[in-house]
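Asks: Single-letter residue listing:
Protein chains: 4
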Amino acid sequence: MYSFLNDYNEIAHERILKAIIENNYVQTYGYGEDEFCENAKNIIKQKFECENSDIYFFMAGTQTNLTIIDYMLKSYECVIATDTAHINVHEASAIEACGHKIITVPNKNGKLLPQQIEKIYTKHLSDDHMTLPKAVYISETTELGTIYKKQELVDIYNVCKKYGLYLFVDGARLGSALTARENDIKITDLSKYSDVFYIGGTKNGAMLGEALVINNEDLKPNFVRQMKCKGSIYAKGKVQGIEFYELFKDDLYFELARHSNHMAYKIYDSLKDDYEFLEKVQSNQIFMILKNDILEELGKEFVFSKVESIDENKTSIRLVTSWATKEEEVDKLIKFLKKYI
Amino acid sequence: MYSFLNDYNEIAHERILKAIIENNYVQTYGYGEDEFCENAKNIIKQKFECENSDIYFFMAGTQTNLTIIDYMLKSYECVIATDTAHINVHEASAIEACGHKIITVPNKNGKLLPQQIEKIYTKHLSDDHMTLPKAVYISETTELGTIYKKQELVDIYNVCKKYGLYLFVDGARLGSALTARENDIKITDLSKYSDVFYIGGTKNGAMLGEALVINNEDLKPNFVRQMKCKGSIYAKGKVQGIEFYELFKDDLYFELARHSNHMAYKIYDSLKDDYEFLEKVQSNQIFMILKNDILEELGKEFVFSKVESIDENKTSIRLVTSWATKEEEVDKLIKFLKKYI
Amino acid sequence: MYSFLNDYNEIAHERILKAIIENNYVQTYGYGEDEFCENAKNIIKQKFECENSDIYFFMAGTQTNLTIIDYMLKSYECVIATDTAHINVHEASAIEACGHKIITVPNKNGKLLPQQIEKIYTKHLSDDHMTLPKAVYISETTELGTIYKKQELVDIYNVCKKYGLYLFVDGARLGSALTARENDIKITDLSKYSDVFYIGGTKNGAMLGEALVINNEDLKPNFVRQMKCKGSIYAKGKVQGIEFYELFKDDLYFELARHSNHMAYKIYDSLKDDYEFLEKVQSNQIFMILKNDILEELGKEFVFSKVESIDENKTSIRLVTSWATKEEEVDKLIKFLKKYI
Amino acid sequence: MYSFLNDYNEIAHERILKAIIENNYVQTYGYGEDEFCENAKNIIKQKFECENSDIYFFMAGTQTNLTIIDYMLKSYECVIATDTAHINVHEASAIEACGHKIITVPNKNGKLLPQQIEKIYTKHLSDDHMTLPKAVYISETTELGTIYKKQELVDIYNVCKKYGLYLFVDGARLGSALTARENDIKITDLSKYSDVFYIGGTKNGAMLGEALVINNEDLKPNFVRQMKCKGSIYAKGKVQGIEFYELFKDDLYFELARHSNHMAYKIYDSLKDDYEFLEKVQSNQIFMILKNDILEELGKEFVFSKVESIDENKTSIRLVTSWATKEEEVDKLIKFLKKYI
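Residue numbers (my numbering), protein chains in the order written: chain A, 5 to 345; chain B, 5 to 345; chain C, 5 to 345; chain D, 5 to 345.
Hints should not be assumed to be uniformly reliable.
Pairs count within a copy or across copies, as identical chains cannot be separated in the list.
Claimed, not checked - Below, computed lysine-lysine pairings styled on DSS-like, alpha-carbon distance capped at 25 Å:
1. K295 <-> K127
2. K112 <-> K123
3. K127 <-> K318
4. K310 <-> K330
5. K123 <-> K310
6. K123 <-> K318
Bear in mind the hints are in silico, worked out from the structure with no lab data behind them.
Bear in mind that the values here come from a model prediction, so they are computed numbers and not experimental data.
Produce the entire structure from the sequences given, and follow the hints as far as they go.
Replies: Put into structure tokens, the structure is as follows:
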């Protein structure tokens with residue numbers, strides 16, 4: 005059975021594994037303080053045009069999120085996010101376990117609106133017995149696979165600056181967002197319109213790794229200690245350095261993301277007239293609704309996840325394509341679902 | 005310059021990298037719920053004779069420590085450890101950041117004594133305004149490279165059971181301890197005489213990985229959620245499964261540790277009559293004292309770490325050997341230091 | 005100007021102050037370990053028929069809430085509450101600062117429904133990456149001044165028991181609830197249908213004080229240490245003992261609450277046909293909607309709080325009556341508002 | 005039996021209770037935002053010459069300590085204190101439960117030395133895997149009843165400023181310190197040589213209350229929210245306002261402290277040639293060593309606390325005098341102990 009379960013079904017792109025092996029016996033200092041990481045940081049600074057940003061490598065998204073969000077907030081402060089935000093739904097209260105509240109608002113196609121931020125902020129500012137918003141969390145792509153348009157990002161950033169809030173962009177699938185066919189955000193916009201963002205590697209060809217880019221000076225001092233305090237420092241940190249250098253030195257990162265999107269678009273474009281989708285497919289996540297009997301048959305040939313029961317006859321599912329998705333399997337999937345039209 | 009800085013200067017043993025590459029495209033479910041992890045758990049259960057234990061894979065020691073210690077303690081409870089304990093000195097207050105106090109006692113050759121546990125426990129039990137000990141943390145090998153004898157471990161375990169304390173053994177260098185020439189603890193003793201312990205992979209040939217073995221039933225429920233909550237779950241968790249299976253399927257783990265110790269013993273045995281050592285060398289960490297001028301010369305040929313200034317003329321240093329240490333470099337080091345006798 | 009701002013505008017009922025003065029020089033041990041507290045606990049156990057419960061005195065609601073909720077939850081666990089819950093809205097993220105997530109559901113007239121608990125629990129149980137509900141928080145009276153009927157309480161308690169959840173009843177205004185004209189919950193029901201509840205004194209005649217009643221054995225061990233750890237132990241803890249003994253020795257507590265309700269009902273019954281109320285008035289909190297010009301005039305004669313703007317012409321306000329509310333001032337208020345009909 | 009157990013055996017000075025009763029029915033806004041608190045803050049600012057400081061009232065020391073220390077520190081930062089510090093020994097890990105490590109050093113007569121701060125700071129600064137000191141905690145009087153001389157305080161403050169550390173002075177017994185016969189610290193020095201300090205009321209005649217004085221601008225923003233978040237806000241906050249105004253309006257606070265010290269000095273001066281004392285008595289706490297048979301007899305006439313067993317024949321005890329201590333009971337105690345010389 006071929007799996008569309010996630011974009012981390014396979015381990016890593018071959019070039020990354022090859023680079024790890026080639027450098028296996030190069031002795032370095034541990035914990036990411038080595039030349040591989042230095043090179044990776046430099047190539048990222050160049051590509052994202054963020055010469056003055058600080059960059060740190062993590063091994064997973066939840067860890068990245070809790071480490072930076074904990075750094076941003078005092079005990080009485082909180083972060084604003086959508087109800088569907090990964091930090092709210094799928095991190096087993098990791099943010100709260102660090103002592104911080106998430107204030108949620110209803111998502112609009114997975115996205116947060118500047119007006120929502122403004123309303124929450126002003127309401128909470130007026131009452132000293134309420135938690136005080138200090139940060140905003142958005143995901144790009146969103147948890148529903150949608151993407152922010154440039155103006156939406158800029159508007160959110162501006163409302164954050166107006167009220168002294170930090171804007172943090174969770175880029176677990178940033179590659180997919182930046183190479184989406186409807187995208188108008190430039191790579192170099194991220195460092196302009198956020199205080200901190202991360203470039204997801206794990207879901208785009210790396211074995212393990214997320215690169216956190218800190219643009220705001222306030223969030224820089226002693227950040228290594230914050231990482232250590234949160235268990236986010238690794239003896240073999242150089243592995244991430246090797247990975248990210250490989251991903252960005254000649255734009256492999258974007259090439260892989262483009263493939264991933266292309267596979268999703270092929271499915272969507274082939275089926276959108278005949279099937280119902282929860283959201284328009286903009287990136288490598290496909291949320292579609294199937295009749296339960298079709299779903300059962302599909303489950304015999306492909307692996308995917310059920311999202312929730314829509315009614316007694318229908319269920320929503322998620323299909324994810326990736327850098328490793330084989331086009332022939334995509335074709336099979338399309339063919340399979342075409343049968344039921 | 006050859007490095008004796010640490011046992012994680014190189015990435016991983018070749019067999020491990022080979023196994024990763026071979027399984028690169030095997031699609032699995034993420035987050036360690038795959039057959040590679042299943043196989044690794046089974047081989048560990050077999051080797052350590054702990055069929056009923058629960059096993060989880062982590063990527064680093066601090067993360068492992070904070071995840072299990074946070075699980076063991078309520079807000080008013082604390083963990084007892086030596087003053088040199090890794091959790092006390094080198095984890096940037098990671099345990100406290102999870103909300104828990106560490107009560108420290110002076111180490112005896114890096115080790116904790118059962119009488120110290122008893123004294124601390126009874127003192128704190130008597131006063132409701134004091135924190136209440138609920139767990140004990142020891143490292144095997146210790147932070148000073150020494151090892152516990154079996155009777156010492158058993159005595160500590162017994163005092164823990166007497167007072168209802170959890171005993172947690174940090175085995176970042178467990179391989180080195182279990183293959184030490186003076187060791188009398190059997191592999192199968194760990195699951196008998198601790199509530200939970202971990203088998204360090206990162207410092208013994210794995211790329212990244214520690215295997216936590218939970219023996220006590222009280223520490224098992226919902227542990228996956230605890231890991232997720234602490235950012236210790238990885239999309240490519242299967243990598244650790246591949247690593248640990250490879251390490252234990254035919255005892256590569258112990259073979260590597262034996263080599264590591266052997267290299268350290270060679271240095272110690274060659275120099276112990278002529279140099280001063282902070283502790284007798286029992287495992288792969290060597291703490292020796294050098295005159296500052298020798299130290300300066302040594303630093304031109306080898307990489308190592310300074311521990312602290314002893315007086316104005318002498319400094320203590322740490323040399324670490326590993327699975328990857330080349331014997332010819334050990335010989336060079338010995339020869340170098342012999343010159344100054 | 006007379007104030008209907010809150011039920012803690014005045015300090016304390018005279019009998020309480022008198023009892024404090026009379027016992028001023030009685031030397032006792034500190035921190036609530038004295039005979040005054042002993043007597044108060046005994047009278048509460050007798051009145052609430054909870055001989056086997058443990059009772060502790062706090063000085064404020066937020067402190068009580070955070071101390072018991074922190075005790076109930078592990079890091080990955082959470083508490084379910086309504087969106088209007090005091091712990092969610094008006095405690096400056098005190099629960100989250102202790103490391104715990106609150107999952108909220110839309111309130112129904114300020115109340116939580118058993119079906120909501122069931123739905124949240126089963127959804128979260130199914131996914132290991134989600135926080136796990138372990139406790140339920142309800143307020144009696146609710147934050148909107150409504151009360152639970154006995155069957156509603158029993159149904160919530162039963163669903164909690166079905167899923168192993170602790171039910172915690174915040175009784176900041178419990179006196180008002182138990183003496184409400186529509187109430188059918190007996191005083192002795194609280195210890196039967198909750199795992200822990202507190203009896204609010206601060207808002208019902210005490211100077212400062214809440215009595216936490218722990219019914220569930222699991223929540224009893226070392227609770228004094230938990231209180232100390234959370235800063236909830238007081239040198240002069242005996243003051244609360246004196247207060248609660250005075251409040252319950254001859255049912256002053258209920259007498260004061262009845263007066264408080266009676267004052268609110270008088271307002272509601274006099275105005276309900278002519279004014280709009282957010283909720284039916286069941287206890288001592290009145291939420292009504294006023295035209296802005298009336299509101300402005302009312303603000304010249306009385307103190308109260310605005311809740312929120314309904315539209316550009318209307319605003320909702322909150323009036324609170326108390327043990328100290330003077331009937332003549334209530335009459336003035338009614339007369340004042342009658343003018344605008 | 006007369007009690008020398010503590011300085012909070014009795015409730016409050018009569019003038020304070022009288023003031024509470026007189027203002028019982030004055031309606032005010034809650035949570036310390038009332039004119040009584042305003043007046044109290046003004047009188048404190050005047051007496052301590054700290055016009056620009058922010059002042060907040062708490063109800064107990066542990067609560068005060070955890071609220072301000074949590075505000076001062078990020079997750080990876082820590083506070084330096086002596087091993088005998090109240091926050092380290094007698095607060096049930098309240099500081100750690102807020103997520104912060106305490107680094108302790110051996111006390112010198114209960115006091116912290118500037119060199120100790122310097123040594124700890126520089127050691128920790130050099131290693132990114134260590135917690136980073138950001139605050140220093142001292143108690144005045146110390147937990148052993150000793151006092152800092154002005155130069156000692158100034159030297160500590162200067163080393164703090166050199167390294168960017170906040171100096172927090174726990175003044176649970178500040179009255180006793182400032183009126184000690186050997187004291188040379190002026191009332192007005194506290195706001196000059198600390199970033200924040202608190203004036204203890206609970207142990208010096210108030211029913212309940214500590215006044216926190218924040219001198220450093222960095223520690224001021226949104227402090228009310230921090231208090232709410234930590235459960236340190238009280239509906240009847242005005243009670244503390246009434247108390248502190250009464251204590252300072254005509255220096256009752258210092259008068260009571262002087263009496264307290266005077267009683268301790270009388271005991272010490274009468275017995276110091278014939279009994280052994282753990283520390284020279286400088287304030288209202290007396291630590292003396294008794295033979296066990298004398299101790300047993302003394303325990304039949306007076307209440308006091310045992311500190312620890314010195315050897316099999318001797319035990320150290322603590323006697324505390326207070327604002328309420330009767331001189332005739334002091335005389336009886338002296339007479340009693342004189343018998344055994």
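Asks: Now, for every hint given, state plainly whether the structure supports it.
Replies: Right, here's what the structure says about each hint:
1. K295 <-> K127: between (43 Å within a copy, 21 Å between copies)
2. K112 <-> K123: Both: 15 Å inside a chain and 23 Å across chains, each within 25 Å.
3. K127 <-> K318: between (40 Å within a copy, 18 Å between copies)
4. K310 <-> K330: within (22 Å within a copy, 52 Å between copies)
5. K123 <-> K310: between (34 Å within a copy, 17 Å between copies)
6. K123 <-> K318: between (36 Å within a copy, 19 Å between copies)
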